Amino acid sequence: MKEKAVRVKANWPVMILLLLGLSTIAFPLYMAIVIAFKQPSEMTNTISGILSLPSKWSFSNFSQAMEVTDFWHSLRNSILITVVTVILSILLHSLLGYAVGRNRSHSRFYKFVYLFVVSGMFVPFAILMMPLAKQTASMGLGNWAGVILLYVVFYMPMNVLLYSGYLVNIPVALEEAARVDGASTWRTYWKVIFPLMTPMHATVAIITSLAVWNDVMTPLVIMSGTGQNTLPLAQLNFQTQFGTNYNLAFASYLLALIPILIFYIICQKQIINGVVNGAVK
Amino acid sequence: MKNDRKRTFLLMTIPILALFICFNTIPLIRGIIYSFTNFKGFGTYDYVGFRNYMDLFTDTRVWNSYLFTFKLAICATIVTNVISLLLALGLNSKIRAKGFFRAAYFLPNVLGALVVGYVFQYLFTYILPALGDLTGSGALGKSMLASEKTAWIAIMIVCCWQNIAMNTIIYISGLQTVPEDVYEAGSLDGATGWRKFRHLTFPLIIPFFTINTVLCVKNFLMVFDQIMAMTQGGPAQSTESISYLIYNNGMKGGSFGYQSANAVIFFIVIVAISAAQMSFANRKEEQL
Amino acid sequence: MREKGKKYLGAAIAAGMVSVLFLSGCSGNNGSGAKTEIEILQYKPEAATYFDKIEEQFNATHDNIHLTISSPYDASTIMRTRFIREDYPDIIGIGGDINYSYFTDAEILADVSDYDGLGDIKEAYVDIAEALEIIPTDGTYMVPYMANAAGILYNKEMFEEHGWEIPTTWDELIQLCEEIQGEGILPFYFGFRDTWTCLAPWNGIAVDLAPADLCRQVNKGTATFTEGYEETAEKYIKLIEYGPKDPIAYGYNDACTAFARGESAMYPIGSYAVPQILSVNPEMNIDSFVMPASNKKDGNTLNSGIDLGFCVTSACENKEAAYEVLDFLLENENIQDYVDAQNAIPCKEGDFDLAPMVDGMREYIDSGNMTDYQDHYYPSEMAVDAILQTYVLNEDMDAFLARFDKDWQRYNRDIIRKVQMHEEEHGSTK
Chain A
1 MKEKAVRVKA NWPVMILLLL GLSTIAFPLY MAIVIAFKQP SEMTNTISGI LSLPSKWSFS
61 NFSQAMEVTD FWHSLRNSIL ITVVTVILSI LLHSLLGYAV GRNRSHSRFY KFVYLFVVSG
121 MFVPFAILMM PLAKQTASMG LGNWAGVILL YVVFYMPMNV LLYSGYLVNI PVALEEAARV
181 DGASTWRTYW KVIFPLMTPM HATVAIITSL AVWNDVMTPL VIMSGTGQNT LPLAQLNFQT
241 QFGTNYNLAF ASYLLALIPI LIFYIICQKQ IINGVVNGAV K
Chain B
1 MKNDRKRTFL LMTIPILALF ICFNTIPLIR GIIYSFTNFK GFGTYDYVGF RNYMDLFTDT
61 RVWNSYLFTF KLAICATIVT NVISLLLALG LNSKIRAKGF FRAAYFLPNV LGALVVGYVF
121 QYLFTYILPA LGDLTGSGAL GKSMLASEKT AWIAIMIVCC WQNIAMNTII YISGLQTVPE
181 DVYEAGSLDG ATGWRKFRHL TFPLIIPFFT INTVLCVKNF LMVFDQIMAM TQGGPAQSTE
241 SISYLIYNNG MKGGSFGYQS ANAVIFFIVI VAISAAQMSF ANRKEEQL
Chain C
1 MREKGKKYLG AAIAAGMVSV LFLSGCSGNN GSGAKTEIEI LQYKPEAATY FDKIEEQFNA
61 THDNIHLTIS SPYDASTIMR TRFIREDYPD IIGIGGDINY SYFTDAEILA DVSDYDGLGD
121 IKEAYVDIAE ALEIIPTDGT YMVPYMANAA GILYNKEMFE EHGWEIPTTW DELIQLCEEI
181 QGEGILPFYF GFRDTWTCLA PWNGIAVDLA PADLCRQVNK GTATFTEGYE ETAEKYIKLI
241 EYGPKDPIAY GYNDACTAFA RGESAMYPIG SYAVPQILSV NPEMNIDSFV MPASNKKDGN
301 TLNSGIDLGF CVTSACENKE AAYEVLDFLL ENENIQDYVD AQNAIPCKEG DFDLAPMVDG
361 MREYIDSGNM TDYQDHYYPS EMAVDAILQT YVLNEDMDAF LARFDKDWQR YNRDIIRKVQ
421 MHEEEHGSTK
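Here the protein sequences line up with chains A, B and C, keeping their order.
Mapping of the first sequence onto our numbering: position 28 corresponds to residue 28, and the numbering continues sequentially without gaps.
Mapping of the second sequence onto our numbering: position 216 corresponds to residue 216, and the numbering continues sequentially without gaps.
Mapping of the third sequence onto our numbering: position 352 corresponds to residue 352, and the numbering continues sequentially without gaps.
Please keep in mind that the hints were generated in silico from the structure rather than gathered at the bench.
Just so it is clear, the structure is predicted and the values come from calculations on it, not from any experiment.
Watch out, some of these pointers could steer you wrong.
No more than 30 Å apart at the CA atoms, straight line, and that leaves these computed lysine-lysine pairs for DSS-like [claimed, not checked]: (1) C:319 to B:252; (2) B:252 to A:134; (3) B:6 to A:111.
Construct the complete structure from the given sequences, taking the supplied hints into account.
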């Protein structure tokens, strides 16, 4: 968008390097795709066997995987949990990140809040699990709402770290200008700062959504017994103690990958679109 | 006016902080209380005082898990940061098919642990040894996952492979805050390549460098998924990470109280390290 | 543009909040009338289809009770979190292992010795369940449902082709391995990268050679593993020699695939591996025989334990209804369905059609010559499987046995104290 037409000469050496690096991703992906199309009876331990193309390309694994995981239903649950978590995270975490980021250099209280919240990142989940299971149940939150609430709390440390780090590069002068015009701090935040942080919103959205999308433990512990599944929970059906149907599982993982990949592609455009460049100086 | 601003900041902070305390701090305190008991995770329990903490210091398995975890975290943090910074610079430079590349490099992060585990186990068990035979290299001839000396490297490779995507995104968003006129001014002065990066770009993305190191250290110190997917702590318990031990023995096994104590110590250790790391980085930032 | 965007955002948040509230409201009511609710939580997700069918049939034929069965993945975590929430299911379906011992000890389970159906269960399995109680009690806390057995799976076609005989003593087994090796075939396959599989051959050898109550003896302080497991450890390492060069390199799945593809003649693992093997090679003809670790022909015993048993929780309000559900589960027809679907061995007396791969064990099953897995007494956090993996790597038997004893004391401290206190109070027990 802002690239000047005169200078679009591509940087070929970099592109070649990037293409080479891509092979480290292409190979596992190829293997995953091939296995997702094969039948269990085509699985071998020989290299040529595993890398060979499936004897016939059929989507039966995919349709079967969708049936086993009750795909649309689980997908709906996963999307709902992820979307609500991401929206709440962006709103609440950026706000806290802002309050803390603007004040921690001169206020002891905010410095303490910052360290207090950020250190929450290092609490091993295993130690929280039991107390949380008890607490959420007694508060009537042994369901989606509880899971979302917990996610908002779990990812708060990381996101506050990200937001307050990003703020360092947004000059205070911008807010002061707005304040001179008579806008309140609250209004200034939503009018000036919040839009300026778009690249970070997108980053937070990606990181948070990905973590939520793939998480198994929280819904397993909190939602157990509600009869509701998220996609990763439903995918556990493919693994039992004594046997795993890799073909179905891989098909299902590839299916689950698509929505989050699309979301990523949308968000990463925001990282670039929201360039602060002009605005900052 | 000034007071009004202060009040607004407080109003922003207090409710969110309350939420955090309710669902993070309070359960943590409960967890700390369990660490003074012989609680199995169910049923009744007794208070045992500091017994769990004393036992931790004499438990070689715990010591080994700390050694392994820290070795992994340090190496993986360095490798991940270097590669993802290079990748971010590459993906941010003037290339064709930018969207495609960015999406492709993001993929490792989305593939589920089961897929990653299977593919990499296959790679280490069959493909690399076959390559080793082909090239006559003895070091590659044996599965890396089957030896206590090399299994951690295999884990590190997988950890880096998966985490690079995330760090790259953060670096890319950091690079967006580097104003283009900085580059332009730089190129007028004839600053190119490394020097441009070292003196113009890098200082501006130091906050992101700090964030990435902290996140890396955190992610790798708490490594769990990759261990479950690749080795389950083997061979010969050489890849038991601290989180793995806490989860496996505390949640799955019957030493919830004991592993809670382990978790408390672990928490204190990481907080101390990160605090040191951040204050060091802050000083650096101020210098520049 | 910005304004509009924000409106959308606002709408989205509002929608999100409302749906969260709505959904949380929903899950609260279970709306049902006078019917007694019975909930079973069982730990074998692979049998989910079977239990779904049972649930349906039961509800169709019973007006007074409504049955719900859940078969989640990772049921042990779910059970623990539900216990801590004090949200107990009425019946839990678990294996006869250390978790059952813990649950009994924690008084989560109710005494079911007044249940009539218990009379139809094979003595041997009821005994196995009772032996798992940390402190022996008068009560019975589990209705054993299905058993599994572990021995050595073998490729029947390959055996017939070469005219190999089924070994009945240790020497015969070693001789057979030599013979197989002589023909350029790998005798065994192992998947020791998946640590838990290290226990499969270990259990098989240990039941023949070590006293069945060795772990309890150690807890009482009357025996040590260094003595009790010496021969087992020796023979274990001997067996590994006949496997692939680097057994730690391969996982359980690799080993199943290799065995299915005829890369080895035998595979020392439980009957539970059969479905995975057959998924790779549906045509394969698999049978099994009992691990002959002893040199006395009648010194060998089948390694068999309770794979699935039902326990009524103390929190269950309507024990009669729970027993009615158990009666239904124990109907011969339903047991046969389970056996067919899972290749399991029923714990109930009676003439059931068993899967062909347990043919070689039939004799032992019918005569009741079976002994529980030693690992059902091992606390999981002690990670005996990993200790064995270490032993396979370094082959240092003395260090292995010494560590076994030392770690046992460490991980069983509370149990040992309890047992010894009990001993002091009651003198010696059975």
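We went through each hint and held it up to the structure:
1. C:319 to B:252: holds, 29 Å
2. B:252 to A:134: This hinted pair holds, its Cα atoms lying about 17 Å apart.
3. B:6 to A:111: holds, 15 Å
Comparing the model with each earlier hint shows no violations; every hint is respected.
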